[in-house]
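> Top line first, the protein sequences correspond to chains A, B, C and D. For the first sequence, position 1 (counting from the first letter as 1) is numbered 1 according to our numbering, and the numbering increases by one without interruption. For the second sequence, position 42 (counting from the first letter as 1) is numbered 42 according to our numbering, and the numbering increases by one without interruption. For the third sequence, position 17 (counting from the first letter as 1) is numbered 17 according to our numbering, and the numbering increases by one without interruption. For the fourth sequence, position 101 (counting from the first letter as 1) is numbered 101 according to our numbering, and the numbering increases by one without interruption.
A hint or two may mislead.
[Unchecked claim] Covered stretches of chain D, as calculated for chain C (at least 3 residues, CB under 8 Å):
{"#": "1", "stretch": "112–123"}
{"#": "2", "stretch": "157–168"}
{"#": "3", "stretch": "175–188"}
If you're looking for bench data, these hints aren't it; they were derived computationally from the structure. Bear in mind the structure is a predicted one, so any value in this text is a computation, not a measurement. Cβ coordinates follow ideal geometry from the N, Cα and C atoms, glycine included.
Each chain, written out:
Protein chains: 4
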Amino acid sequence: MLGSKGKVGATMVAAVGAAEDLTFTTGVDAGDDINRLVETSTEVVIDFTHPDVVMDNLKFVIDNGVHAVVGTTGFTDERLRRVRQWVDAKPGVGVLIAPNFAIGAVLSMHFARQAARFFESVEVIELHHPQKADAPSGTAARTARLIAEARKGMPPNPDATTTALDGARGADVDGIPVHSVRLAGLVAHQEVLFGTQGETLTIRHDSIDRTSFVPGVLLAVRQIARRPGLTVGLEPLLDLR
Amino acid sequence: MLGSKGKVGATMVAAVGAAEDLTFTTGVDAGDDINRLVETSTEVVIDFTHPDVVMDNLKFVIDNGVHAVVGTTGFTDERLRRVRQWVDAKPGVGVLIAPNFAIGAVLSMHFARQAARFFESVEVIELHHPQKADAPSGTAARTARLIAEARKGMPPNPDATTTALDGARGADVDGIPVHSVRLAGLVAHQEVLFGTQGETLTIRHDSIDRTSFVPGVLLAVRQIARRPGLTVGLEPLLDLR
Amino acid sequence: MLGSKGKVGATMVAAVGAAEDLTFTTGVDAGDDINRLVETSTEVVIDFTHPDVVMDNLKFVIDNGVHAVVGTTGFTDERLRRVRQWVDAKPGVGVLIAPNFAIGAVLSMHFARQAARFFESVEVIELHHPQKADAPSGTAARTARLIAEARKGMPPNPDATTTALDGARGADVDGIPVHSVRLAGLVAHQEVLFGTQGETLTIRHDSIDRTSFVPGVLLAVRQIARRPGLTVGLEPLLDLR
Amino acid sequence: MLGSKGKVGATMVAAVGAAEDLTFTTGVDAGDDINRLVETSTEVVIDFTHPDVVMDNLKFVIDNGVHAVVGTTGFTDERLRRVRQWVDAKPGVGVLIAPNFAIGAVLSMHFARQAARFFESVEVIELHHPQKADAPSGTAARTARLIAEARKGMPPNPDATTTALDGARGADVDGIPVHSVRLAGLVAHQEVLFGTQGETLTIRHDSIDRTSFVPGVLLAVRQIARRPGLTVGLEPLLDLR
Chain A
1 MLGSKGKVGA TMVAAVGAAE DLTFTTGVDA GDDINRLVET STEVVIDFTH
51 PDVVMDNLKF VIDNGVHAVV GTTGFTDERL RRVRQWVDAK PGVGVLIAPN
101 FAIGAVLSMH FARQAARFFE SVEVIELHHP QKADAPSGTA ARTARLIAEA
151 RKGMPPNPDA TTTALDGARG ADVDGIPVHS VRLAGLVAHQ EVLFGTQGET
201 LTIRHDSIDR TSFVPGVLLA VRQIARRPGL TVGLEPLLDL R
Chain B
1 MLGSKGKVGA TMVAAVGAAE DLTFTTGVDA GDDINRLVET STEVVIDFTH
51 PDVVMDNLKF VIDNGVHAVV GTTGFTDERL RRVRQWVDAK PGVGVLIAPN
101 FAIGAVLSMH FARQAARFFE SVEVIELHHP QKADAPSGTA ARTARLIAEA
151 RKGMPPNPDA TTTALDGARG ADVDGIPVHS VRLAGLVAHQ EVLFGTQGET
201 LTIRHDSIDR TSFVPGVLLA VRQIARRPGL TVGLEPLLDL R
Chain C
1 MLGSKGKVGA TMVAAVGAAE DLTFTTGVDA GDDINRLVET STEVVIDFTH
51 PDVVMDNLKF VIDNGVHAVV GTTGFTDERL RRVRQWVDAK PGVGVLIAPN
101 FAIGAVLSMH FARQAARFFE SVEVIELHHP QKADAPSGTA ARTARLIAEA
151 RKGMPPNPDA TTTALDGARG ADVDGIPVHS VRLAGLVAHQ EVLFGTQGET
201 LTIRHDSIDR TSFVPGVLLA VRQIARRPGL TVGLEPLLDL R
Chain D
1 MLGSKGKVGA TMVAAVGAAE DLTFTTGVDA GDDINRLVET STEVVIDFTH
51 PDVVMDNLKF VIDNGVHAVV GTTGFTDERL RRVRQWVDAK PGVGVLIAPN
101 FAIGAVLSMH FARQAARFFE SVEVIELHHP QKADAPSGTA ARTARLIAEA
151 RKGMPPNPDA TTTALDGARG ADVDGIPVHS VRLAGLVAHQ EVLFGTQGET
201 LTIRHDSIDR TSFVPGVLLA VRQIARRPGL TVGLEPLLDL R
């Protein structure tokens with residue numbers, strides 16, 4: 001585990017320790033010698049560190065033939081290009097870089113994209129705790145953009161509204177209305193609502209604690225050895241047909 | 001039944017006919033002689049007519065000692081004052097005038113008002129078919145105002161939003177955020193969300209056809225004889241403790 | 001339209017008439033001459049008739065090179081085998097036979113099957129009007145069986161229940177708990193709930209009138225010419241990736 | 001605070017400390033001298049201790065003219081009778097004993113009881129984490145019994161079910177169907193569904209952490225001095241009209 005003393009790192013160390021089919025080898029944090037990963041014959045590294053150090057970490061683990069599952073943020077196209085070069089030079093090594101490991105969130109977006117073309121109307125409601133600074137949430141904005149892209153060429157949502165209070169119809173993200181609720185007692189929730197004649201379809205994701213990334217990271221750790229090369233996003237590992 | 005050939009009137013004629021404890025006497029519509037109500041010894045009149053004729057109708061039925069359940073719109077304070085004078089002059093006659101007979105909608109507002117003081121946060125989401133012209137709906141705006149009044153003196157909803165797209169946080173109705181969804185496949189729906197530390201309470205009302213006024217009108221017909229004087233709104237008849 | 005005077009048939013005749021990119025040619029019902037389909041150069045036939053006549057109908061339209069979209073029930077494996085022989089003998093002709101044209105229901109099942117492997121727990125709640133005779137609904141039972149099949153080899157839902165009232169934990173359909181709610185004011189609704197550490201995913205389908213088959217039939221009519229051979233179920237036409 | 005070192009006690013000590021209008025005086029736990037409550041001029045005691053010691057605690061605080069808010073369990077009718085005698089002998093002292101301080105749960109039951117008479121159908125769905133031992137939950141069973149009592153004399157839920165899998169229609173609690181979902185990723189949730197012609201009303205309560213009792217206890221602490229005598233349950237303090 002790289003970043004083993006951080007909040008996410010500590011949670012993952014415990015989760016790997018509790019998984020019967022996985023063995024925890026060693027944790028490395030700022031100040032520790034990264035060579036410990038090699039000395040302990042670690043097969044898969046989990047990296048939840050910092051944009052400042054993650055590229056050096058990745059260069060080291062790829063060069064040493066260790067697979068990597070990376071949740072650290074800040075990957076630009078340029079950074080992804082460099083990582084792809086490194087893994088191409090080390091056939092057999094698998095690296096997964098993903099912005100979101102919550103399986104429910106990843107599936108929600110996948111389903112929303114699939115359903116987008118088959119309904120006249122679609123709107124997104126995201127609901128979060130009131131300490132959140134941005135509205136809509138990054139996930140909601142991304143979901144709306146994925147939907148909008150899938151609907152290219154389709155007529156817009158029907159909407160006969162002629163008299164509206166400011167804000168009533170939500171924010172417009174690429175033509176998709178997005179509504180942001182901020183409520184004490186909530187954590188992170190999202191609903192995508194699709195509707196057509198006589199029927200509606202709702203995809204709802206509720207995340208109620210900060211450990212919902214755990215099953216997704218474990219799934220990636222178990223599969224990355226069979227996925228040589230660079231994979232971006234958890235979705236390809238889910239083998240959705 | 002006054003207005004017996006209108007859509008609502010015809011539905012109510014059928015509903016009264018189907019109720020075992022009620023007897024349908026006669027229907028009166030434009031052009032018919034209103035004296036038929038008296039000749040048939042009608043005990044309770046249901047009036048779903050038009051603001052232009054409803055005052056004459058009411059004067060007639062009250063003067064003849066007939067109770068009335070009225071769903072016709074357009075009652076100003078001045079009109080209510082006049083009706084009150086008429087019933088005061090006819091002790092024992094009961095008149096109910098209500099803007100909304102859907103019991104679920106009436107209870108939703110009642111519960112929302114009761115819950116308002118006990119939660120840090122409250123928001124309203126209303127969801128309707130895309131042919132609707134106004135946003136938010138009249139019911140949602142009225143619900144928000146009732147909540148705002150019940151919360152007088154309380155701190156506003158906590159909300160740390162610093163970066164928001166226009167409209168993301170909904171419309172502001174007396175300090176309560178109201179979000180309006182317009183979606184094919186929906187009819188008329190509303191959620192009031194309350195939240196405080198560790199818990200949320202949601203009151204949801206779904207109305208999926210235009211006959212949801214029937215049970216409320218029947219309830220009023222059955223009770224109005226025991227409610228002399230003028231009653232405004234269905235809520236007092238529900239005897240909520 | 002074959003079966004043009006039935007409830008579904010009449011609805012589809014109107015829907016085709018209202019679609020700008022489609023032209024209604026002719027309706028045929030019991031007693032009418034089926035040759036009218038050929039005389040009017042009909043390209044696609046919609047068949048909502050009866051198991052007793054549908055095979056003769058299909059033989060006729062396939063032999064005449066007309067595509068068919070079929071919602072009639074009663075297709076056994078043996079019947080499907082015969083239809084397949086007929087279309088194989090007429091290259092270029094496309095026939096779609098589907099038990100359910102509500103796109104939301106078809107997508108719900110597809111998503112439920114895709115999500116099934118990624119969550120520890122899954123349960124199904126279906127909610128219908130109280131006139132329904134069977135519990136659970138056919139769709140819910142089919143959804144549960146699809147999920148159970150996708151979860152083969154996985155551990156069962158965790159469940160520490162030791163004291164339960166009869167029926168509290170629902171019906172067991174291949175190991176998946178299914179709960180049936182019967183409530184006045186509802187039509188046909190279903191929720192599939194998935195859960196794992198810290199997060200849940202819910203797929204909800206609401207069908208509130210009997211015309212929710214229309215968009216699915218229209219979609220099939222538009223695509224069937226590009227789908228030679230026999231297709232069973234609407235799902236393949238949705239091109240879900 | 002009596003029981004100040006327990007989980008609930010520690011949470012309440014922190015909550016009182018954080019409340020601007022309240023002053024924390026002292027904590028007392030097993031082995032501590034209960035006289036500290038009097039020496040510190042404590043006005044209101046919070047008791048989350050144990051059935052074995054709570055009666056002695058209450059005798060002491062009432063005799064010393066201190067108000068009490070009690071969440072300890074195990075109060076039989078006989079115990080309540082004795083506490084009532086003690087407070088009657090000390091005019092001005094207020095004691096609240098409540099089994100549930102989650103305001104959302106208390107309001108849910110109140111609203112369910114109020115709505116019960118106005119709908120043809122009602123069912124309860126409760127959803128909990130899979131470590132729960134009993135089904136249905138105590139709160140769901142209590143909610144169903146309150147609803148059943150309010151519906152005395154009304155016809156039962158309409159239900160045309162003739163073919164059902166065992167358990168599909170839920171558990172029967174005094175004639176009200178109750179469905180229990182057990183799902184990883186959930187904490188404690190409950191929905192009461194009411195339905196009549198064309199409309200449904202849903203009251204949903206979500207409790208996602210173990211601190212949802214805090215606002216209810218604080219509300220009781222602030223009001224108990226104005227409520228002399230014994231009060232059972234949080235509901236009377238909410239002044240619901």
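> Checked against the structure, which of the hints given earlier come out wrong?
Of the numbered hints, all hold.
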